[in-house]
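Student: One-letter residues, chain by chain:
2 protein chains.
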Amino acid sequence: MTTAETDTEVYLDYQSAKPVDPRVVEAMHPYFFEQFGNPSSLHLEGDRATKILEKCREEIARFIGASPKEILFTSGATESNNLALIGYAMRNKRKGDHIIISEVEHISIHNIAKYLERNGFEISKVPVDQYGRVDPKKLENRITEKTILASIGYGSNEVGTIQPMETICQILKNRGIAIHTDAVAAEGLVPIDVNEVPVDLMSLSSNDIYGPKGLGALYLRKGAGIMPIIMGGGQERGLRSGTENIAAIVGMAEAARIARDEMSEEAERLSGYRDRLIAGVLERIPKAYLNGHPTERLPNNAHFRFEAVEGESLMLSLKDKGVSASTGSACTSKTLEPSHTLVACGLLHEEAHGSLEFTFGRFNKESDVDRILEVLPGILERLRGLSPLYERS
Amino acid sequence: MTTAETDTEVYLDYQSAKPVDPRVVEAMHPYFFEQFGNPSSLHLEGDRATKILEKCREEIARFIGASPKEILFTSGATESNNLALIGYAMRNKRKGDHIIISEVEHISIHNIAKYLERNGFEISKVPVDQYGRVDPKKLENRITEKTILASIGYGSNEVGTIQPMETICQILKNRGIAIHTDAVAAEGLVPIDVNEVPVDLMSLSSNDIYGPKGLGALYLRKGAGIMPIIMGGGQERGLRSGTENIAAIVGMAEAARIARDEMSEEAERLSGYRDRLIAGVLERIPKAYLNGHPTERLPNNAHFRFEAVEGESLMLSLKDKGVSASTGSACTSKTLEPSHTLVACGLLHEEAHGSLEFTFGRFNKESDVDRILEVLPGILERLRGLSPLYERS
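Just so you know, the sequences run in chain order R and Z.
With the working numbering applied, the first sequence corresponds to residues 1 to 393, in that order.
With the working numbering applied, the second sequence corresponds to residues 1001 to 1393, in that order.
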């Protein structure tokens, strides 16, 4: 990785993209050329492909405490979210036409909800507190006789706040409402078990656990029915057609195995960096605040707002110093809109625009924290010096 | 590859799955770990990803004579077909609700057509002659005032017949009807240029030109409008959301470059194998016939029917000898239904069931033809010896 191999580059935007773990690349390698078969074929190459496909499905099921039959492969988290929401809504519309999402969902959930609204469904958005947490009482108040599904992300890809999933599931289960969770920001960082957090559908991404891009999975609890959104040869029990991407599936399975083995140690290491960064920034930089929950947050996430400065200017100044950070979700970073997540947390537009996100990952080192603490105060001072809005106290 | 490295295994089912060319794997390699950025990110890693993404889009556009802006990346041919048909139909339904497909389309096109029928569209299927060719006159007869789209595969993934695309396009263009073609079976084997064959939409697969699986493209002519079927962060001009799979995109671009450079030589080599196999089989095996068109066929495809024997038994007997062949489309091979393509060509069910497909590819050698000609006559003789249906002449 560029960032790991040079002294001058520091990558702190793991929520936007992750390098594929070299062990994963090695595991994938034989499946490009040597074992390239199509599991639908009945010959030798096909048999080999079928065997490895099912072995990988078991490994990914194990990662979340599911049964292999409950795992469907997709082309990534966005497709998993589409298949979960559209697939469940269309299949179950006779039961009701009301769906609940939270205000801090990933942009894909918001855009899918808009699509469903245009197609006859009613969408309610449950608000969050200042830390980005869904209030279970408010969720309960949104439920109607027609509610069939609620989609609440496990952890925020922006502010890093972890939702009270067990309580949320309990409320929804009691009312017979299916639960989908986008677990992409949280997977591999906090233990996720569908027996403890009994969701019905869960979106997973391969790259977010250091597997290859272009692959995801949808956990679909036994008994939960969905309609396919991509039709064809009937792969994945007819719920997701298209020839299986075996090399990538092998990669995701290896990534899941590594995450299972190393998660607790890695989460501890990353939360150490995160806490040092948070403490250092709040101590050295005046009028700097932490966004998201102070304790119920993903171990790799440090999200700040700085008074009287644009997050984008901060990001570009950091870029000049070889530091990759983010102003929020990469998926919406090319728009000029303030982050809907930050606005939902009650930030004013100018506060949302003054925010900066650092997300640590597997290849960061302690010295990366040092580097940020070394360059960031100076950048803030310079940018604020140019700002008519900033009043020195 | 197992099949290339041992003397005992011969792989002749390239239409079901292809190994990734080692040059492609090498080209992809740096994009797993070293350059893994998200093109939506505004920092250094993101900038690098954006640059390579657009460079690859140019290479794939060049492969079919298109402009880079006319190329959308998808997760594969099946998704491209879904996006083309559902996306075009939903976007243009005010103009009309009638869609034409041919009877020899890939199973995904048939299943998408069924979905559209359930959603208010009328589907007509244009029949083919005994060689699997669409009769342009019959196509013209199917057109109504409400026809908005026709989907005719460039070449058959089963019998290998190439369609008279120029004539087909002319007829449809004259009537103002959009044309989609699934070019997956033909790409890399015959030159395809959207200036000469002026389709509006074309599905391409990465693996079918020896690129990685899990990636495809949709050619969308400037001016042709579609709706997305996967929604989210607005990537691919809002028409296909989801973080771009850069490593695979780099692979598909390299695969397209190699195909462009080597196609004419390779097509000649493969058609030599094909012709030797066809001549040898028809000469040495009684009551054996060629399916598909005698001359207008893909250079890698040899598709036979054998009287009084099951294709599946043939395939399994070949499997015992280390030979991978197919009874038809892998995508439908696990069902017991006879191939819809063969039935459309006028074969009786028992004739369709007695069919066997060989498809050559980049890593076959002349000796692979020898091997088939060595083992196949004996297998036929043995199986027919067990068959009460076979009468020796």
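Some hints here could point you the wrong way.
Only pairs whose alpha carbons sit at most 30 Å apart, straight line, appear in this in silico DSSO-like list of lysine-lysine [claimed, not checked]:
hint, chain 1, residue 1, chain 2, residue 2
1, R, Lys319, Z, Lys1125
2, Z, Lys1137, Z, Lys1125
3, R, Lys51, Z, Lys1365
4, Z, Lys1051, R, Lys365
5, R, Lys51, Z, Lys1319
6, R, Lys319, Z, Lys1138
7, R, Lys114, Z, Lys1093
8, R, Lys95, Z, Lys1173
9, Z, Lys1055, Z, Lys1093
10, Z, Lys1093, R, Lys93
11, R, Lys69, Z, Lys1093
12, R, Lys125, R, Lys93
13, R, Lys69, R, Lys95
14, Z, Lys1095, R, Lys321
15, R, Lys55, Z, Lys1321
16, Z, Lys1125, R, Lys95
17, Z, Lys1173, R, Lys114
18, Z, Lys1319, R, Lys69
19, Z, Lys1069, R, Lys93
20, Z, Lys1114, Z, Lys1051
Just some of the chain Z residues that point at chain R, by a computed CB distance under 7 Å [unchecked claim]:
hint, residue
21, Val1025
22, Pro1127
23, Asp1129
24, Tyr1131
25, Met1227
26, Met1231
27, Ser1241
28, Gly1242
29, Pro1286
30, Tyr1289
31, Ser1317
32, Lys1319
33, Ser1324
Keep in mind that the hints were calculated from the coordinates and are not lab data.
No residue lacks a Cβ here, since even glycine has one placed at the ideal position from N, Cα and C.
Student: For the pair supplied as a hint, Z/Lys1093 and R/Lys93, confirm whether the alpha-carbon distance does not exceed 30 Å.
Tutor: Roughly 23 Å between the alpha carbons, so the hint for Z/Lys1093 and R/Lys93 holds.
Student: Given the hint that Z/Lys1137 pairs with Z/Lys1125, does the C-alpha gap stay at or below 30 Å?
Tutor: holds (13 Å)
Student: CA of R/Lys51 to CA of Z/Lys1319, is that 30 Å or under?
Tutor: holds (17 Å)
Student: For the pair we were handed, Z/Lys1125 and R/Lys95, check the Cα-Cα distance against 30 Å.
Tutor: violated (35 Å)
Student: Would you settle whether the hint for Z/Ser1317 is holds or violated, based on the nearest Cβ-Cβ distance to chain R being less than 7 Å?
Tutor: violated (11 Å)
Student: Please verify whether R/Lys69 and Z/Lys1093 have alpha carbons no more than 30 Å apart.
Tutor: violated (37 Å)
Student: Tell me if the interface restraint on Z/Lys1319 is satisfied: Cβ within less than 7 Å of some Cβ in chain R.
Tutor: Z/Lys1319 check passes; min Cβ-Cβ to chain R is 5 Å, inside 7 Å.
Student: Minimum Cβ distance from Z/Gly1242 to chain R below 7 Å?
Tutor: holds (4 Å)
Student: Regarding the hint that Z/Tyr1289 lies at the interface with chain R, is the smallest CB-CB distance below 7 Å?
Tutor: With Cβ-Cβ at 23 Å, over 7 Å, it is violated.
Student: Is R/Lys69 within 30 Å of R/Lys95, Cα to Cα?
Tutor: It holds: about 25 Å lies between the C-alpha atoms, which stays within 30 Å.
Student: Quickly compare the C-alpha distance for R/Lys95 and Z/Lys1173 to 30 Å and report which way the hint goes.
Tutor: Between R/Lys95 and Z/Lys1173 the Cα gap is close to 45 Å, so the pair fails against 30 Å, i.e. violated.
Student: Next item in the hint list is Z/Ser1324. Is there a CB on chain R closer than 7 Å to its CB?
Tutor: Holds. Min distance 4 Å.
Hint compliance for this structure: hints 1, 6, 8, 9, 11, 14, 16, 17, 19, 20, 22, 23, 24, 25, 29, 30, 31 are not met, and every other hint is.
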